[in-house]
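A.B. asks: Here is how the chains run, residue by residue.
There are 2 protein chains.
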Amino acid sequence: MVPGYNQTRRPQVHFSPAVNFMNDPNGLFYYNGTYHMYYQYNPTGITAGNQHWGHATSDDLYHWHNQPIALSPESPDEGIFSGSAVVDVDNTSGFFGNQSSSNPGIVAIYTLNTPSKETQNIAYSTDGGYTFTKYSGNPVIDINSNQFRDPKVIWHADTKKWVMAVALPTQFSVVFYTSSDLKNWKKASTFSHHGWLGNQFECPNLVEVPVHNSQQQNSGETKWVLVVSVNPGAPQGGSFTQFFPGEFDGTDFTPEDDAARWVDFGKDNYAMQFFYGTENKTLGLGWASNWQYTNIVPTSPWRSAMTLPRQYALWNDPVLSWQFISNPTDMSTIMNKNLFSGKVTKSKNIKLGDGSGAYYFDIYVSQDQGQATQRANFTFISSSTKEELRMGLLMDNGPSFFIDRSGTKGFDYPLFTDKFATIQYGGIGGWHVYGVLDKMILETFLNEGEQSATTTYFSNGVLDKFSISLDTGLSATVNVTALKSGWDQKK
Amino acid sequence: MVPGYNQTRRPQVHFSPAVNFMNDPNGLFYYNGTYHMYYQYNPTGITAGNQHWGHATSDDLYHWHNQPIALSPESPDEGIFSGSAVVDVDNTSGFFGNQSSSNPGIVAIYTLNTPSKETQNIAYSTDGGYTFTKYSGNPVIDINSNQFRDPKVIWHADTKKWVMAVALPTQFSVVFYTSSDLKNWKKASTFSHHGWLGNQFECPNLVEVPVHNSQQQNSGETKWVLVVSVNPGAPQGGSFTQFFPGEFDGTDFTPEDDAARWVDFGKDNYAMQFFYGTENKTLGLGWASNWQYTNIVPTSPWRSAMTLPRQYALWNDPVLSWQFISNPTDMSTIMNKNLFSGKVTKSKNIKLGDGSGAYYFDIYVSQDQGQATQRANFTFISSSTKEELRMGLLMDNGPSFFIDRSGTKGFDYPLFTDKFATIQYGGIGGWHVYGVLDKMILETFLNEGEQSATTTYFSNGVLDKFSISLDTGLSATVNVTALKSGWDQKK
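If you read the sequences in order, they're chains F and C.
Residues in the first sequence are numbered consecutively from 1, following the UniProt record's numbering.
Residues in the second sequence are numbered consecutively from 1, following the UniProt record's numbering.
Hints in this document: simulated from the structure, not taken from any laboratory.
Wrong hints could be hidden among the right ones.
Copies of the same chain are indistinguishable here, so a pair counts whether it falls within one copy or spans any two.
Unchecked claim - Pairs of lysine to any residue, SDA-like flavour, derived with a Cα cap of 25 Å: (1) 348 / 74; (2) 117 / 318; (3) 346 / 296; (4) 134 / 56; (5) 409 / 374; (6) 117 / 320; (7) 281 / 448; (8) 223 / 173; (9) 409 / 460; (10) 117 / 319; (11) 409 / 377.
Chain F with its partners taken away, still in its complex shape (with noise of 0.2 Å):
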């Protein structure tokens, strides 16, 4: 194992730095078998600030190999602040003229942040990403604004240009600028007042996805999405993360109609990013945490991870409209041991193993017709501590999706929202509920990944129980599986 990765509230599926601090995924890019991650780091302290861009590379999104930190800024009072990365393939900033093709050059764009304000720069790297050079014309982007922050860059093809969304938070704006060649950029159009505007934007992501024609099928459509990060000011308090369906002509974003929507009916998943490069699946994560309590939760040497690797589509449900899918990537190489494999009716006790301490759930629930008002639990138990966090299905109101982390005792604060809720209205032939237990974080999928929840929970005992019980007319087909540690080699 990667040493230094063995604490007990330790992510063992989820990128976690070995220490200190870590927020927004920045820079996410995949070319040629890579996938590459920058993140917000404080590399001297476990609170948020001093933000470099942290790196880590994986080949499977589960495995992680950390790096070098790749961008530090140049005295204590700048700051490294988000941004993104793009593969110049066909070298349109200038930057890589002796590179061979199959070397491409990467681009970063990120915001310099200094007390006076905030500017877009650039710095480039031409050796795939592991080190960078700062460009010697920045900034590339200027408003005299100490409130412009978070640049995106993609290609957009169809009008042969990079276009970049990047957020001024206070003014509840995305602004697009486009581009040839990284360096010269023209603002294009601005996105603003839409959806939930809490006290700031941030972070704005704009990507094209699958279309889906049902919580499955692929439409062979796609439409455009931007996503927008909200902090402070979110409906469960802190900060969150909301989508806008829509199309984009290089120019304009256009959203499918004036409603706010989320992505995670949790409160910990932020600042969501999607990987440059990965053709035409939509891949992307987040930072699983809320400013409201991230520099104080009880983890240590590090705090923070990111979300699972997740891969997006989106479904216009014809009960609840747009919906965004999202389902882990191929779990195929954490794949370990099978604890149960089977139906439960009334209830059964799963024993946990002693792996790595990381689980894979996935229940379908059916129900018996004529009975209305019943209840499904799934209860993670510590049996040294008999501290519960819970999850289930009430089925007379809607019926209900709950997940209740009141009952893990390791994290009180009057911020940290015990309880999270969602309509479950029915997915195909059933309930149909999925996720990973790894540590310290819950990550809950409903109906083929239509709704998604991520929850971080302190327990002070080890979960080491999965506890199903259901009503009379309720019976569940179940499958728990132990996960290998993403911080062991892979064999």
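We have chain F; now place chain C onto it with these hints.
C.D. replies: The following block gives chain C in isolation, referenced to the frame of chain F:
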């Protein structure tokens, strides 16, 4: 005291029915010194169903007189669903030809729910709203839909027309109709897919509202507000109410922007309705419950209460954008003995008296310069059970204001969310926190009503102590006053 209003959890300054189940306020109107409130009512049970229009009257909105049921279904498979009432001073309907102008007719507009469909119907009252005759030409609007309900009618002076807002719930739409006689209605426009969608839209309300140019100061201008309730699928679970500021020209509502905004950061304020006939004041109230748990909360022999009556205004806050300011209407008729008035540093325990059990609290918190991370706690405590209902300011992230009902132990349910929070970035000369504690309802207002939260709670012991504790660097000016019961005769 009115008989039947002395139970441990019976609200004393909030309206509740003596027995059985209540939900949405209906038909709110004011005429000639009397406020009339109708409400969705099941006269035969303590859970929702068998919907009638209950009725109560008041001259101050705190002392209520229960009246006989105003509208009843004709058969067991009918329901008299939500709707509104108007004063037809000019006898536009033709129902009131023989009445004197000092005793104008009242017309109620409601949804008739049957197993096959929902239609809009009217009934008229020649005795000022106490008894109604259903119109022989009903329904007045029938679109052959079983999802078409909750008509709210206003008089639009500029176009000299009646205007109805009514919901197509599962289409996330509000439809506007116009009429000159309340009988013949013409579709004018549709407002669709704005704001938070959830699972369905209910109880639209269109109202003209004074615009303030600070938290407190009336600019003399007005705007229109469209209020839409959502259930299920609110961001905190279940039901909530959202508002859209905008303009209305008699046929079309045009929102100021495409943002989603709530009226309350708690989760017990649904189906808000505004009083017809209050001239240039905008008065309204909501149902202080949530469909996720309203049928099972531990009160008997009744369930549910209304929120405090509130006066509304709009303010375009320079930081938070449009806010719907609300404050309790004049409480002078229920103010009783002052229990504490003075400055608090460090901490103070205030004994709550043995009066009605309802209290008004008013706290201004000031902060010394240079003090960053601080906390102010305001906690209602039961001496007998040690239960706590907590509120507080956290200065370290925004700052935030929180409400935490997890310390009251009379009701435990996975959807009874424990913790609520909002940004509270600063008021006039500090932070202003005030409101009412009333046996099972905590109603909290921040910064001159710019934000508010309605929170039901169910403690086993009586909350008989109010504890204030302030970190170093904070001080507070505190006023706690006992309230008279609205169910006592006025003196």
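A.B. asks: None of the hints should be skipped; say for each whether it holds.
C.D. replies: Here is what the structure says about each hint:
1. 348 / 74: neither (58 Å within a copy, 50 Å between copies)
2. 117 / 318: between (46 Å within a copy, 20 Å between copies)
3. 346 / 296: between (40 Å within a copy, 24 Å between copies)
4. 134 / 56: This pair counts as within: shortest intra-copy Cα distance 20 Å, inter-copy 72 Å.
5. 409 / 374: between (28 Å within a copy, 23 Å between copies)
6. 117 / 320: between (41 Å within a copy, 22 Å between copies)
7. 281 / 448: within (17 Å within a copy, 50 Å between copies)
8. 223 / 173: both (21 Å within a copy, 24 Å between copies)
9. 409 / 460: both (6 Å within a copy, 23 Å between copies)
10. 117 / 319: Cα proximity of residue 117 and residue 319: across copies only (19 Å, versus 45 Å in one copy).
11. 409 / 377: both (20 Å within a copy, 21 Å between copies)
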